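Those protein sequences? They're chains A and B, same order as listed. With this note's numbering as the guide, the letters of the first sequence map in order to residues 1 to 158. With this note's numbering as the guide, the letters of the second sequence map in order to residues 159 to 459.
Think of the hints as simulated: they come from the structure by calculation, not from any bench. Some hints could be false.
What the hints assert, rightly or not - Cβ-Cβ distance ranges computed for the label pairs, FRET-style: (1) B:F202 / A:L16: 31 to 37 Å; (2) B:R241 / A:R53: 33 to 39 Å; (3) B:K449 / A:P98: 49 to 55 Å.
Stated by the list, open to error - Listed below are the simulated SDA-like cross-link pairs for lysine to any residue, each with C-alpha atoms no more than 25 Å apart in a straight line: (4) B:K352 / A:I43; (5) A:K48 / B:E269; (6) B:K248 / A:N40; (7) B:K352 / A:L8; (8) B:K352 / A:H13; (9) B:K317 / A:R32; (10) B:K248 / A:A71; (11) B:K352 / A:N40; (12) A:K47 / B:G243; (13) B:K352 / A:R32; (14) B:K352 / A:R10; (15) B:K352 / A:Y28; (16) B:K352 / A:T29; (17) A:K48 / B:E244; (18) B:K248 / A:Q41; (19) B:K198 / A:M1; (20) B:K352 / A:A35; (21) B:K352 / A:G33; (22) B:K248 / A:I25; (23) B:K248 / A:T38; (24) B:K248 / A:L42; (25) B:K352 / A:G31; (26) B:K248 / A:R32; (27) B:K248 / A:H36; (28) B:K193 / B:S365; (29) B:K248 / A:T29; (30) B:K317 / A:H36.
Stated by the list, open to error - So the derived list for chain A, only partly shown, Cβ under 10 Å to chain B, looks like this: (31) R4; (32) D7; (33) L8; (34) F23; (35) F24; (36) G26; (37) E27; (38) H36; (39) T38; (40) I43.
In this text the structure is predicted, and so the values were computed from the model without any measurement. The beta-carbon is built from N, C-alpha and C at its ideal position, and this holds for glycine as well.
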Amino acid sequence: MLTRIDDLHRPDHYRLDPTDECFFIGEYTAGRGFAHSTTNQLIYNLKKTVDRRGTPEYWHKEEAIRRAGRALSLFLNPEFVRHGTFVPVPPSCVPDDPLYDDRITQVIRQIDPNVDAREIVRQIVSTPGAHLVQVGPALRSSTTTMKSWNRWSNPSRQ
Amino acid sequence: MATAAPLPPTLRAISPLKEMGAYEALWAKSETTFKSLAQKFREFPDRLPSDFVAEYEADYFARLVLGMLRESGIAQFGIRVHRAGEYPHKFRDAEDPVEVLYYRGWWDLVETPSVAVVGTREPSPQAIENTSRIVKLLVNDGYTIASGLARGIDTAAHKAAIESGGKTIAVIGTPLNRIYPKENSLLQENIAEKFLVISQVPVFRYSKQTYTRNRTFFPERNKTMSALTEATIIVEAGRTSGTLIQARAALLQRRKLFILESSFRNPALTWPAELESMGAIRVRTYEDIRKNLRPHADSNR
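Construct the complete structure from the given sequences, taking the supplied hints into account.
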């Protein structure tokens with residue numbers, strides 16, 4: 001089952017307020033490495049860079065995408081999956097960067113291939129991945145929300 | 159014009175704080191025991207503690223217990239709920255598995271290969287020495303050492319693990335905001351900060367009971383400790399030691415149980431032979447332990 005971010009967790013997420021509804025599958029422990037926990041392994045595999053595509057280790061990334069998608073499809077409301085809109089968290093690189101990685105979009109597609117996923121939050125400048133820096137990147141200055149949703153909307157839902 | 163209510167995005171999600179409040183509310187009823195709770199969840203395996211408690215009641219106890227923990231100086235702690243992420247399936251091997259666990263420290267240690275080292279609160283000097291030696295060898299083989307933070311062997315096991323640069327988990331028989339024995343206050347704090355302290359004991363109920371009634375929580379945590387670990391080692395124990403509860407739990411849960419040879423040599427004790435006939439392993443040298451544990455990635459073997 002998904003876990004809801006409640007008053008117990010919220011102090012760890014200072015940008016959230018009690019009206020935000022946030023859920024998660026597992027907890028990643030920063031700075032403790034791949035082998036630290038099952039969730040750490042999942043996140044490390046998800047974050048394998050796309051320049052390793054074609055190498056044997058890339059299978060682990062694809063498997064992590066499938067696993068994350070499966071976990072979400074078990075816990076999400078099927079009605080929401082049919083009618084809701086999913087906005088993936090953007091990767092750290094801009095879309096024309098060779099390292100651009102749409103892994104979260106791929107995770108969403110695993111929930112249901114016909115899901116309405118819209119990449120309306122995008123990086124405007126490539127930054128180091130959050131897992132590679134001590135302090136997370138300044139989100140507001142490096143991301144933009146696309147003004148026109150229609151550009152990314154699923155034609156079948158028009 | 160009326161607008162449709164937004165679709166809930168999840169089928170069901172667990173709020174750890176709400177479940178903690180519900181767990182405390184269930185325990186606030188004097189007839190509740192670990193056995194009765196486990197039975198309730200066996201009958202209704204898809205339910206959460208909050209399914210058995212009114213929402214206002216769960217909320218009331220969540221706020222109350224949060225306040226009690228904060229008043230005791232516990233600013234940070236975590237809750238693990240059965241069926242939410244990070245609740246390892248191995249805890250379900252306990253005879254009366256717990257639905258809610260409280261913890262302080264690094265929860266991820268529950269995923270490391272671990273061995274419980276337990277025994278009497280009044281050990282002989284030889285038993286203390288044996289504890290220290292075995293723990294150091296286990297640490298060298300990459301095992302996390304679990305114990306119950308009690309006086310005697312438990313304390314020696316935790317200390318030896320820390321001194322030899324290993325990891326340790328304390329599965330305590332009190333709530334997170336209590337320390338027993340008092341002299342282990344610094345040790346408990348140190349383990350909470352650098353390693354992991356786990357408790358299944360309800361904070362409110364414990365605060366309302368006498369010491370005698372609260373003592374019944376100690377053997378219950380032994381069953382959880384056995385479920386957490388892949389083996390239990392009894393260094394030394396008397397005839398009626400709570401350690402024997404863990405020994406029986408380990409066998410019941412199909413975990414390895416090791417008993418040191420010295421206990422077999424004590425003519426006053428019948429339990430070593432009895433447990434050996436049930437599957438316990440007699441330990442003459444450390445090799446008897448090592449060869450019966452599963453090798454793992456961190457091992458120096």
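A quick look at each hint next to the structure:
1. B:F202 / A:L16: 31 to 37 Å: holds (32 Å)
2. B:R241 / A:R53: 33 to 39 Å: Between B:R241 and A:R53, where Cβ atoms are some 36 Å apart, the hint holds.
3. B:K449 / A:P98: 49 to 55 Å: Holds - the Cβ-Cβ distance for B:K449 and A:P98, about 51 Å, lies within 49 to 55 Å.
4. B:K352 / A:I43: Distance ~23 Å between B:K352 and A:I43 Cα, so the pair holds.
5. A:K48 / B:E269: holds (23 Å)
6. B:K248 / A:N40: holds (19 Å)
7. B:K352 / A:L8: holds (21 Å)
8. B:K352 / A:H13: With Cα atoms ~22 Å apart, B:K352 and A:H13 stay inside 25 Å; holds.
9. B:K317 / A:R32: holds (23 Å)
10. B:K248 / A:A71: Holds, at roughly 20 Å.
11. B:K352 / A:N40: holds (19 Å)
12. A:K47 / B:G243: holds (20 Å)
13. B:K352 / A:R32: holds (13 Å)
14. B:K352 / A:R10: holds (23 Å)
15. B:K352 / A:Y28: holds (18 Å)
16. B:K352 / A:T29: Holds, at about 14 Å.
17. A:K48 / B:E244: Roughly 23 Å between the alpha carbons, so the hint for A:K48 and B:E244 holds.
18. B:K248 / A:Q41: It holds: about 19 Å lies between the C-alpha atoms, which stays within 25 Å.
19. B:K198 / A:M1: Holds, because 20 Å separates the two Cα atoms, which is no more than 25 Å.
20. B:K352 / A:A35: holds (18 Å)
21. B:K352 / A:G33: Between B:K352 and A:G33 the Cα gap is close to 17 Å, so the pair holds against 25 Å.
22. B:K248 / A:I25: Since the Cα atoms of B:K248 and A:I25 sit roughly 19 Å apart, the hinted pair holds (cutoff 25 Å).
23. B:K248 / A:T38: Answer holds: B:K248 to A:T38 is near 14 Å, not above 25 Å.
24. B:K248 / A:L42: holds (20 Å)
25. B:K352 / A:G31: holds (14 Å)
26. B:K248 / A:R32: holds (23 Å)
27. B:K248 / A:H36: Judged against 25 Å, a Cα distance of about 17 Å means the pair holds.
28. B:K193 / B:S365: holds (20 Å)
29. B:K248 / A:T29: holds (21 Å)
30. B:K317 / A:H36: With a Cα-Cα distance of about 23 Å, the restraint between B:K317 and A:H36 holds, given a limit of 25 Å.
31. R4: holds (4 Å)
32. D7: holds (6 Å)
33. L8: Status holds, d = 4 Å.
34. F23: OK, holds: A:F23 within 10 Å of chain B, min 5 Å.
35. F24: holds (7 Å)
36. G26: holds (4 Å)
37. E27: holds (6 Å)
38. H36: holds (5 Å)
39. T38: OK, holds: A:T38 within 10 Å of chain B, min 7 Å.
40. I43: violated (12 Å)
In this structure, the one hint that does not hold is number 40.
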